[in-house]
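Listed here are the chains, written in short residue letters.
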Amino acid sequence: MTKKRSFFDYMWIVSLSYLILGFFNILFAWLGMICFIVPLIISISGGGKSYCNNYCGRGQLLNLLGNKYKLSKNRDIPNFIKSKGFRYGFLVFFLTMFSNMIFITIQVFKQEKNLRQAITLLWTFKLPWNWIDVSMVSPWIAQFAFGFFSLMLTSTILGLITMRLYKPRSWCVYCPMGTMTQMISRARMK
Amino acid sequence: MKKRLSKKLAKVDRDYCVACGACKDECKFGAITIKQGVFALINGEKCVGCGKCSKICPASVIKMISREVS
Ligand code: SF4
Ligand code: SF4
Ligand code: SF4
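First to last, the sequence lines map onto chains A and B.
Throughout the first sequence, residue numbering follows our numbering, covering 101 to 290 in sequence.
Throughout the second sequence, residue numbering follows our numbering, covering 284 to 353 in sequence.
The set of hints was computed from the structure by calculation and includes no laboratory data.
Check before you lean on any hint, since a few could be wrong.
Unchecked claim - Using 16 Å as the maximum straight-line C-alpha spacing, the simulated EDC-like pairs for lysine to aspartate or glutamate come out as follows: (1) A/Lys-168 - B/Asp-308; (2) B/Lys-346 - A/Asp-176; (3) B/Lys-338 - A/Asp-176; (4) B/Lys-329 - B/Glu-309; (5) B/Lys-329 - B/Asp-308; (6) A/Lys-184 - B/Asp-298; (7) A/Lys-168 - B/Glu-309; (8) B/Lys-338 - B/Glu-309; (9) B/Lys-318 - B/Asp-296; (10) B/Lys-335 - B/Glu-309; (11) B/Lys-294 - B/Glu-328; (12) B/Lys-318 - B/Asp-298; (13) B/Lys-335 - A/Asp-176; (14) B/Lys-307 - A/Asp-109; (15) B/Lys-290 - B/Glu-328; (16) B/Lys-307 - B/Asp-296; (17) A/Lys-184 - B/Asp-296.
Stated by the list, open to error - What the simulated footprint calls covered on chain B by chain A, stretch by stretch (three residues with Cβ under 8 Å from a Cβ of chain A suffice, anywhere in the stretch; the number is not a length): (18) 300-312; (19) 319-332; (20) 339-351.
C-beta: ideal position from N, C-alpha, C; glycine also.
So here's chain A without its partners, still in its complex pose (with noise of 0.2 Å):
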């Protein structure tokens, strides 16, 4: 028995390819919102985890790395990464971050603050990221898109760590759109 590949089995390009555009337009960090809003939907209207069953790019790409070009040491991940504190705390950790982030947003489009050009990987680290002119939008547009771009960096680095280290899709275990997701599931169930 063979399963028919669908439109869906390609997901993992259109993760890619965000990822690569980000390098040559930051404004295309918006897309982004996509796969933030979709899984959200999906499982508030009952359909349970169906985006990361189905149709996430980045679960797919993970596990081509970690699988097809055996990146992957394929070890089991730690117990204290799939406890559920471990889990709900990354989420709380990544909703902080993701708070932070509009609150700059606003302050931006308050004139309170002035547009930073940069990337911010793992919540330290600062990289100019000056070479895109993108002066065509409000700075707030492009606020938005620098630190939303820097969570999608940020967590795909992450991910690329734990494929490594431990199953090709480990970053499924504390993603925290999948913990939300699940989270919701599990509230629809009862």
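Position chain B with the ligands relative to chain A; hints supplied.
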């Protein structure tokens, strides 16, 4: 005629399953469904005990058990 069942069977620890669906993609026998986005459910009649799902599971929550025990 009743199909002969395999000696081994996959079993999911539901408390720690993150419902990512990696196992479902891996199972060539269509034995796995993701139950309402909360945990993976193994269909014992379809499972042939190959162990592929257990290997791929990022949370390592699938154990291969013998059918007698279940
Ligand atoms: S857990 Fe996260 S990375 Fe994994 S499939 Fe779901 S949304 Fe994608
Ligand atoms: S691969 Fe593991 S964690 Fe993911 S759905 Fe299957 S049993 Fe659950
Ligand atoms: S052991 Fe093999 S047949 Fe059984 S559920 Fe896992 S992948 Fe499918």
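So, going through the hints one by one against the coordinates:
Distance restraint check for A/Lys-168 and B/Asp-308: the Cα-Cα separation of roughly 14 Å lies within the 16 Å cut-off, and the hinted pair is therefore satisfied. In summary, the hint linking B/Lys-346 to A/Asp-176 is supported, as the alpha carbons are separated by about 13 Å, within the 16 Å threshold. For the given pair, B/Lys-338 sits about 9 Å from A/Asp-176 by alpha-carbon distance, which is consistent with the 16 Å threshold. Annotation: proposed proximity of B/Lys-329 to B/Glu-309 holds, straight-line Cα distance about 14 Å (limit 16 Å).
Distance hint between B/Lys-329 and B/Asp-308 is fulfilled; the C-alpha atoms sit about 15 Å from each other, no more than 16 Å. At most 16 Å may separate the alpha-carbon atoms for a hinted pair to count; A/Lys-184 and B/Asp-298 meet this at roughly 9 Å. Annotation: proposed proximity of A/Lys-168 to B/Glu-309 holds, straight-line Cα distance about 13 Å (limit 16 Å). For the given pair, B/Lys-338 sits about 9 Å from B/Glu-309 by alpha-carbon distance, which is consistent with the 16 Å threshold.
A hinted pair counts as satisfied when its Cα atoms are at most 16 Å apart, and B/Lys-318 with B/Asp-296 qualifies at roughly 13 Å. The suggested pairing of B/Lys-335 with B/Glu-309 holds, with an alpha-carbon distance near 7 Å, which does not exceed 16 Å. For the proposed pair B/Lys-294 and B/Glu-328, the alpha carbon gap of about 13 Å is at most 16 Å, so the pair holds. Our distance criterion of 16 Å between C-alpha atoms is met by B/Lys-318 and B/Asp-298, whose separation comes to about 13 Å.
At roughly 15 Å between alpha-carbon atoms, B/Lys-335 and A/Asp-176 fall within 16 Å of each other, so this suggested pair holds. For a cut-off of 16 Å, the pair hint linking B/Lys-307 to A/Asp-109 stands: about 13 Å separates their Cα positions. As the CA atoms of B/Lys-290 and B/Glu-328 are separated by approximately 12 Å, the hinted pair is consistent with the 16 Å bound. For the hint linking B/Lys-307 to B/Asp-296, the alpha-carbon distance of about 15 Å falls within 16 Å, and the restraint holds.
Among the hinted pairs, A/Lys-184 with B/Asp-296 is consistent with the structure: their alpha-carbon atoms are about 14 Å apart, no more than 16 Å. With a cut-off of 8 Å between beta carbons, the segment 300-312 of chain B has 9 residues touching chain A; three or more are needed, and the interface restraint holds. Restraint check on the segment 319-332 of chain B versus chain A: 3 residues with Cβ-Cβ distances below 8 Å, three needed, restraint holds. Coverage of the segment 339-351 of chain B by chain A holds in this model, with 6 residues showing a Cβ closer than 8 Å to a Cβ of that chain against a need of three.
Violated hints: none; the structure is consistent with every hint.
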